[in-house]
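Put together the whole structure using the sequences plus the hints.
Protein chains: 2
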Amino acid sequence: MACYVQKFGGTSVGSIERIQHVAQLIDKTYRAGHQLVVVLSAMSGETDRLTKMAREVSADPDDRELDVLLSSGERVTIALMAMMLRNLGVKARSFTGRQVGIVTDGAHTKARVSRVDTQRVLAALKEGVVPIVAGFQGINEASDVTTLGRGGSDLTAVVLAAALHAETCFIYTDVDGVYTADPNMVPTARRLEKISYEEMLELASLGAKVLQTRSVELAAKHQVPMEVRSSFQDGPGTRVVKEDADMEQVLVSGVTGDRNQAKITVIGVPDQPGIAAKMFVAIAAAGINVDMIIQNVSQESLTDISFTVPRGDLKAATSLVQDLAKEVGARTFEVNEAIAKVSLVGVGMRSHSGVAARMFATLSRDGINIMMISTSEIKISCVIEEKYMESAVRGLHQEFELEKPTIV
Amino acid sequence: MACYVQKFGGTSVGSIERIQHVAQLIDKTYRAGHQLVVVLSAMSGETDRLTKMAREVSADPDDRELDVLLSSGERVTIALMAMMLRNLGVKARSFTGRQVGIVTDGAHTKARVSRVDTQRVLAALKEGVVPIVAGFQGINEASDVTTLGRGGSDLTAVVLAAALHAETCFIYTDVDGVYTADPNMVPTARRLEKISYEEMLELASLGAKVLQTRSVELAAKHQVPMEVRSSFQDGPGTRVVKEDADMEQVLVSGVTGDRNQAKITVIGVPDQPGIAAKMFVAIAAAGINVDMIIQNVSQESLTDISFTVPRGDLKAATSLVQDLAKEVGARTFEVNEAIAKVSLVGVGMRSHSGVAARMFATLSRDGINIMMISTSEIKISCVIEEKYMESAVRGLHQEFELEKPTIV
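Taken in order, these protein sequences are the chains called A and B.
Read in order, the letters of the first sequence are residues 69 to 476 in my numbering.
Read in order, the letters of the second sequence are residues 69 to 476 in my numbering.
One thing to keep in mind: the hints can contain errors.
[What the hints assert, rightly or not] One-sided and incomplete, this derived list gives chain B residues near chain A with beta-carbon spacing under 7 Å: (1) 84; (2) 124; (3) 129; (4) 130; (5) 133; (6) 136; (7) 137; (8) 140; (9) 148; (10) 150; (11) 152; (12) 155.
Think of the hints as simulated: they come from the structure by calculation, not from any bench.
Backbone N, C-alpha and C define an ideal beta-carbon position, used for all residues, glycine too.
Listed below in structure tokens is the structure:
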């Protein structure tokens with residue numbers, strides 16, 4: 069008898085019909101005799117509806133009250149699911165974040181889980197009950213409801229899987245796994261059978277929305293195997309597991325393209341120690357996430373500094389840079405929104421060299437100019453002109469033969 | 069500095085605009101320097117929406133899960149109201165049923181309050197905070213959410229008012245008080261300035277939906293003064309208070325008409341001891357509430373027994389009586405749905421005689437036949453043909469001069 073956690077996202081429980089369908093999936097696992105904990109999100113659209121109401125009553129709604137408001141959505145889905153399952157003869161019982169024992173810090177709307185009291189869930193499992201758990205929510209030490217931030221239901225699922233030493237944490241969503249590239253961009257993109265935690269983290273931070281980043285971090289830390297599956301079609305998904313020898317034989321696991329980038333170049337900066345630091349300290353203090361930074365070779369004691377920020381932060385960054393450029397005595401600055409970042413991810417890069425050179429050659433062959441480069445142990449990213457993004461992703465997908473099934 | 073409880077019903081918080089308006093009412097009391105606890109219902113229509121979803125997933129939804137589902141509606145209104153009030157500069161904080169310390173028995177969907185732990189609310193009041201409390205909900209000893217049944221937010225308000233020894237428990241609704249008759253039926257109906265708990269209880273059990281019956285019982289027990297007010301217009305409402313000498317000078321406080329009645333007559337019942345008991349024990353066991361019962365004088369050892377039931381229970385009652393009539397050897401039975409009950413209520417009846425005679429004379433003068441009569445210390449009810457109900461109510465309202473302001 070194995071213990072599984074199954075998490076279903078908002079689209080999977082977005083209507084009475086969807087809830088009915090998911091109830092049947094749960095019923096199947098239950099009939100197979102497994103221990104089972106189910107984690108649910110709010111119905112799709114519900115969180116947006118509630119957020120909109122909050123904005124209507126207040127331009128800057130109180131965070132504690134926002135959590136009371138937003139946590140109501142999951143209560144609806146867990147109650148409906150438990151009713152439906154009981155109808156099917158499954159001994160199901162709803163659990164709020166409090167009842168499932170998720171205790172967090174006090175950071176409302178983005179709380180971090182500090183501990184899990186599994187007593188009630190364990191007792192329920194022992195009775196043969198299937199706990200239907202409200203994702204995304206916990207309580208703080210003052211016994212107030214907190215929420216775990218966007219995608220927080222994934223985190224609830226992994227936290228419980230870790231605490232219960234579950235065999236696998238299934239994340240059911242509207243896609244059937246993680247692909248070698250966005251299938252909308254690359255028709256030959258292939259579903260990966262498995263992927264390492266680290267690759268998944270790189271992909272998530274590159275904008276793949278399949279799994280919430282923190283949940284993958286936690287799964288890696290506690291070695292909880294995850295599997296992304298579709299609740300809309302049968303069949304296997306993508307397993308997210310510990311890196312193994314098979315994976316290292318594959319050069320590249322996936323290629324991504326990310327338009328959510330903008331570049332700022334500060335021109336004619338005096339090349340003196342401490343000036344770059346001054347700029348980036350100020351930008352970080354404003355809560356703006358700088359991704360890549362490059363600095364040109366100095367000419368006549370003047371240098372150019374380029375960096376990228378998420379497009380949503382560009383306005384704030386620009387107004388900051390305006391002041392900073394003046395302050396440090398730079399000549400001027402330029403903003404470029406028409407850029408994109410293409411990246412290759414794969415643990416194979418650790419043991420194989422030449423991936424970067426092949427990437428640059430491929431882009432060059434297709435006449436695509438590289439503006440910036442950054443690398444990690446298992447990732448290479450290039451900033452290019454936005455208009456070339458799709459062709460770059462397609463070219464790289466082909467060059468590294470990602471459409472071909474791996475040997476494993 | 070007085071302590072007040074203000075409860076706002078579903079129509080009073082039915083939209084963002086209504087919540088804005090109510091926030092201003094609360095703000096006004098707060099600025100006057102009073103201690104204040106606010107109790108809210110779910111937005112009007114929300115409970116019906118959730119109930120409908122429950123029926124869609126299950127013909128007989130589990131009661132525990134129904135409570136998890138239904139209690140989500142109040143969480144939305146308390147969070148929105150607290151946000152809005154904080155915007156206005158009021159130190160408001162939302163409290164769920166659990167947080168406000170309402171502990172109930174385990175009877176899901178119709179739980180009874182067993183105790184109130186006011187610790188958290190008292191601490192909040194001491195800090196100058198206005199607790200915004202989710203009505204209708206509590207928790208049982210197993211720490212599961214329970215709900216208090218239809219109109220349960222009134223009960224939450226009175227329970228808190230009693231526990232906090234509040235000066236007055238204001239019930240804000242969409243009418244500005246209790247009237248001498250339904251103004252839709254009697255254009256000259258007059259708002260009562262005050263009414264006794266007992267009169268209010270009689271009126272509530274006669275179908276006046278202004279206040280929930282149990283909340284009035286509890287208010288009477290703890291001598292909590294209540295006041296029904298409109299949140300849609302300014303001005304005083306109706307105070308519900310302990311009976312006083314003024315009230316006894318008034319013969320009749322109000323007249324009601326109730327169509328929600330049906331009459332069953334069992335004809336030719338053998339007049340033997342125990343037969344009537346047998347019938348009514350069986351009917352009570354089926355959960356059907358019998359209101360009035362009359363038995364004709366026996367002729368040749370046969371008698372007729374008539375009784376009234378709510379129309380919603382008529383189908384169940386009829387099928388029961390079908391069997392019972394056969395069992396006790398009755399000749400046949402008749403059903404009459406076209407009846408109504410008109411009632412006079414007033415504590416003045418205790419000290420004044422002749423009210424009943426005047427009621428019968430009035431109905432008789434207008435050619436209205438009385439089918440059944442029942443009386444209590446402060447109430448007289450007559451069952452008549454349904455088509456005469458409105459004219460009977462109008463005639464009685466005029467006969468007892470209810471349109472005229474009382475001396476008090």
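For each hint, the structure was consulted:
1. 84: holds (5 Å)
2. 124: Hint on residue 124 (chain B): holds, closest Cβ of chain A at ~5 Å, below 7 Å.
3. 129: Constraint on residue 129 (chain B) satisfied, holds at 5 Å.
4. 130: holds (5 Å)
5. 133: With a minimum Cβ separation of about 4 Å from chain A (threshold 7 Å), the hint on residue 133 (chain B) holds.
6. 136: holds (4 Å)
7. 137: holds (4 Å)
8. 140: OK, holds: residue 140 (chain B) within 7 Å of chain A, min 4 Å.
9. 148: Hint holds; residue 148 (chain B) Cβ to chain A Cβ min 5 Å, cut 7 Å.
10. 150: Holds - the Cβ of residue 150 (chain B) comes within 7 Å of chain A, reaching about 5 Å at its closest.
11. 152: Holds. Min distance 4 Å.
12. 155: With Cβ-Cβ at 5 Å, under 7 Å, it holds.
Checked against the numbered hints listed earlier, the structure breaks none of them; every hint is satisfied.
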